[in-house]
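Peer 1: For the protein sequence lines, the chains are A and B, in the order given.
Heads up: the first sequence runs through residues 1 to 110, numbered per my numbering.
Heads up: the second sequence runs through residues 111 to 421, numbered per my numbering.
Since the hints were made in silico from the structure, they are not lab data.
Note that the coordinates shown come from a computational prediction; the quantities given were computed from them, not determined experimentally.
Just so you know, even glycine gets a beta-carbon here, dropped at the ideal spot from N, CA and C.
Errors might be hidden in some of the hints.
[To be verified] Selected chain B positions facing chain A (Cβ under 10 Å, derived; list incomplete):
#1 149
#2 180
#3 184
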Amino acid sequence: MIPIIGLVIGIAIGVVLNPDVPLWLQPYLPIAVIAALDAIFGGIRATLDGIFNDKVFVVSFISNVIVAAFIVFIGDQLGVGSQLTTGVVVVLGVRIFANVASIRRHLFKA
Amino acid sequence: MATTDGTEDPTTGPARRPDESMTLLTALLERPLDPSYQAAADHRVSKGLPPATSWRTPTAIITALLVGALLGVSARTLVPRQQLASPVKAEIIQQIQTRQQEADAGEAQVQALQSEVSNLEQSAAAGAGTGLSAEQLDTLRRVAGTVEVSGPGLVVTLDDARATDGSADGNPRTGVSDDGRVMSKDLQIVANALWAAGAESMAINGQRLTSHTAIRFAGEAILVNFRPLVPPYVVETIGDAKALELAFGAGTGGAYLKTLSSNFGIRTSVETADHLTLPAAAQIGSREATPLRPGESTPPTVRVTPKESAS
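Please construct the entire structure, taking both the sequences and the accompanying hints into account.
Peer 2: Shown next, in the form of structure tokens:
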């Protein structure tokens with residue numbers, strides 16, 4: 001429950017403060033969001049599997065965001081940024097769906 | 111869905127799977143959970159601790175805060191970016207409309223002034239006795255192209271051959287030959303043939319032909335009165351429709367059109383019309399030439415030559 005409250009407070013802080021994201025960072029935001037969602041659903045799934053670990057949660061979140069942003073950055077430098085963005089979104093998207101399917105099985109037995 | 115850690119003993123491993131060559135896809139679909147969760151749990155179990163840690167540790171809460179902040183910032187940053195564009199767009203549209211209104215107002219002013227000028231000319235001609243009657247003045251204006259005229263006439267339409275219509279991929283270098291394109295020369299020949307056939311007034315795509323008119327090429331566009339035209343090119347002439355049609359068809363013009371359509375596929379049509387209205391020429395006037403005043407010397411001889419050079 002507390003982490004959910006933390007999540008909501010975080011969203012509120014982000015929306016209220018509305019910091020100016022520098023323009024060069026903006027292309028990485030959507031990727032970072034997908035990576036963050038992946039980390040969240042991974043954490044929930046691990047909790048339901050009974051193997052949640054806070055350190056792994058932190059590390060997977062940060063590394064997901066950094067690696068995804070790095071791949072997109074490399075892609076931009078190589079001139080295939082949009083394709084690699086698509087690739088990252090597909091991979092993380094598939095993982096999110098699979099994790100959500102597993103969570104669904106845990107919660108609803110269906 | 112396999113929730114095992116997926117580390118298989120290489121010596122006693124299961125039989126080769128049919129999809130062994132697709133390990134990337136398999137890993138993606140069958141083990142979506144980060145394997146490090148399992149590894150960490152195994153590690154904790156080996157130390158005698160419960161496999162799962164609590165969500166209520168500071169690390170987890172701070173990360174949750176961070177994730178939430180990231181979502182919030184993204185929502186604020188990425189959504190207004192599209193909304194930001196619309197006021198700018200609206201402003202540009204506003205500017206375009208303002209300029210268009212200004213241009214329209216200017217055009218209306220030009221027309222008002224032109225009609226004022228012709229009224230003054232009329233009264234001057236009536237009063238000062240320049241030797242020009244109102245009728246003569248009308249004729250002059252009609253021939254010079256400074257007034258709108260209407261009447262029966264002939265409409266000749268030329269259009270590029272079908273093959274050159276938007277060369278499929280939009281690439282001008284795809285080897286489609288330009289033979290089927292209507293050239294300025296074609297329009298010149300048609301216009302001259304129509305004058306020769308007895309046309310009294312003529313306009314191409316709404317551009318009145320006057321003694322100042324040039325039909326010429328600029329790149330691939332045909333310019334008439336220095337305005338670029340887009341196909342189809344509609345040459346409207348006023349004159350005795352039947353006589354025009356006969357004279358044009360029998361003369362060089364008709365033969366030329368036939369050659370164009372049979373050799374290059376240019377689409378042409380010649381139709382008579384009962385009622386045509388040709389616009390007045392947008393700008394006509396002499397900057398350097400000054401007419402001789404009646405008192406100064408002999409009045410200028412009025413010569414009406416309908417056969418203007420159209421090139």
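Peer 1: Under the constraints set out in the numbered hints, which ones does this structure not fulfil?
Peer 2: none
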